[in-house]
Structures are given as C-alpha cells and as structure tokens.
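**Q** Each chain, written out:
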Amino acid sequence: MVHFTAEEKSAVTSLWGKVNVEEAGGEALGRLLVVYPWTQRFFDSFGNLSSASAIMGNPKVKAHGKKVLTSFGDAVKNMDNLKGAFAKLSELHCDKLHVDPENFRLLGNVLVIILASHFGREFTPDMQAAWQKLVSGVANALSHKYH
Amino acid sequence: MSLTKAERTIIVSMWNKVSTQADSIGTEALERLFASYPQTKTYFPHFDLHPGSAQLRAHGSKVVAAVGDAVKSIDNISGALSKLSELHAYILRVDPVNFKLLSHCLLVTLGTRFPADFTAEAHAAWDKFLSVVSSVLTEKYR
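So the protein lines, in turn, are chains Z and F.
Taking full-length UniProt numbering, the leading residue of the first sequence gets 1, the next gets one more, and so forth.
Taking full-length UniProt numbering, the leading residue of the second sequence gets 1, the next gets one more, and so forth.
Hints are not guaranteed to be accurate.
What the hints assert, rightly or not - Pairwise CB distance ranges (calculated):
no., chain 1, residue 1, chain 2, residue 2, range
1, F, R57, Z, A87, 42 to 48 Å
2, F, K100, Z, N48, 42 to 48 Å
3, F, Y141, Z, D80, 36 to 42 Å
4, F, S2, Z, P101, 26 to 32 Å
Said to hold, decoys possible - Quick look at which bits of chain F chain Z covers, simulated, 3 or more residues with Cβ under 8 Å:
no., region
5, 19 to 32
6, 60 to 74
7, 107 to 115
Source of the hints: derived by calculation from the structure; they are not laboratory data.
Positions of the beta carbon are idealized from the N, C-alpha and C atoms, including for glycine.
Chain Z on its own, in the form it takes in the complex (with noise of 0.2 Å):
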C-alpha cells in the first residue's frame, strides 16, 4: 500500500486546490486520445475524434474529462486509502468497460503533464514526485479488483 508522507500530502492538496477540474480534465482526456490514438478504442460513440483539434474540442471528450477528473479528486481526499475509495471503480472498469489497466498509467502521466504546464516553475521535482506516487497509486487502486 503506498504511503504518504505530511509533506506529499500537504504538496498534492495545495496544488489540487488551484487546479481547474472542469478545464483540465477535459485537457487530459484529450491529450490522451492524441498522443496515444490507440486509446480511442473506447471512445467510438465519441463522434468527430479525427485530428488534435477535433478532439481537444469535442464537446463529449470534454464532458467526459471532467468527469474523470472529479473523480481523480476523491483521490485527493482519501489517499491512506485509495484502494478503498476506488474499490467500485474498479470493479466498474473491469466488469463492464473491460479497460486495460496500462491506460490507467497513460492516463496519470499525461496528468502530471498537464499540471507541468499549468504550474510551470511551481511543479518543483519534488511535486511532481508526490504525484507521481499519487497516480501511480490510483492506478494500483484501479486495477486492484481485476479479475
């Protein structure tokens, strides 16, 4: 189970509080589908996914991204205890949208991208590092109740 120092804790929740979740979960579910076109296999009642500006624009990619990342935000809040707090989820990707859980890892690296080029500067090395130990975690917590 991973742990979290004060510190991590402190680092991740600080900055989460700046970020809006509306704007760049739309972001990141985008960037996804871009950079890693495979992931679009989910997606086919999406619509128009056809190029970068297609699908950083759709109105569905966005709508979806937000709800991703509302959900990434339960994270936040329970992170002694992220394979509880997902333990739904996870089912719900296994079960019923059969995702392969490597899309999880893709999907939190684009995050910390994401927050890179929102936060600049402020995304010191060790910020980046409590998030990569959070998405890493959520991925872990996602995957937990595959079967």
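With chain Z fixed as given, assemble chain F onto it according to the hints.
**A** Chain F alone, transformed into the frame defined by chain Z:
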C-alpha cells in the same frame, strides 16, 4: 514507428527555442527522474546526485546534446545515434524501461518551460520522437 513530416516540423521548430535552455533542461529532467523514480539512481553510484551538482549538470548537458543530435538528423536518427546505441548496449546496459521514465521527465520539463508551445500536437510529436530515440538506443541490446 516513424515520424510524419508534420511531426518532424514541430520537433525541429520547437528545438530552436529548447536549445537555448538545453543544459538546464537536461539537468532538470535528470533531477525529476531521480526524485520520482529513485531506482534510476542505481545507475549513478559514482555521482553526486544532489540538485545542482556539477556532475548532474554535466550529465544533463550530455543527454540533451544527444537529443539535439537526433533533432538535427531527424531523418536518420539511427545513424546519428549509432555510437550511443552501442555504448548503451555493450557498456551502460541501462534497462530499457528507464528510457520511458526519462522521456516522461523530459516531457514534463518541456511542459513547465514552454507551456504555450507544448500543445496537444506538440506533446504527441515529442512523445513519439523520444520513443524513437529510445528505440534506437536499445536496438542493439540483443
């Protein structure tokens, strides 16, 4: 996997800006690598890895200079990095998984410094380019 014309254009044009901060970008990427992925430090037992160390700065410079060589010969990355490829295969033998980690840290560094240029398309191009560089560096491993 090979780079499209559009991707090559993005990389080459961004490189003009990136190269002006080449040394510090390399150093920062390594600092991020060691902070987020402490296991990567096992390849540098002989280094002083404190942020700002002279060895870290020198090595960061070297790494980004090599990336620059790949950019300058973007139509023939294999040829440009052939010697480095042999070095990594026969002498350094860095496990291939680590190239992904360093590539990610380079992308993070570019994102912090060039947010306006680092669009989704640029992000995709750089991710692919670094992936090609990583493949070249590991192509002689076995």
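**Q** Now tell me if each hint is right for this structure.
**A** Each hint, compared with the structure:
1. F:R57 x Z:A87: 42 to 48 Å: This hint holds: roughly 46 Å between Cβ atoms.
2. F:K100 x Z:N48: 42 to 48 Å: With a Cβ separation near 30 Å, K100 (chain F) and N48 (chain Z) fall outside 42 to 48 Å, so the hint is violated.
3. F:Y141 x Z:D80: 36 to 42 Å: 41 Å, holds
4. F:S2 x Z:P101: 26 to 32 Å: 29 Å, holds
5. 19 to 32: holds (count 3)
6. 60 to 74: violated (count 0)
7. 107 to 115: holds (count 7)
Against the hints set out earlier in the document, violations occur for numbers 2 and 6.
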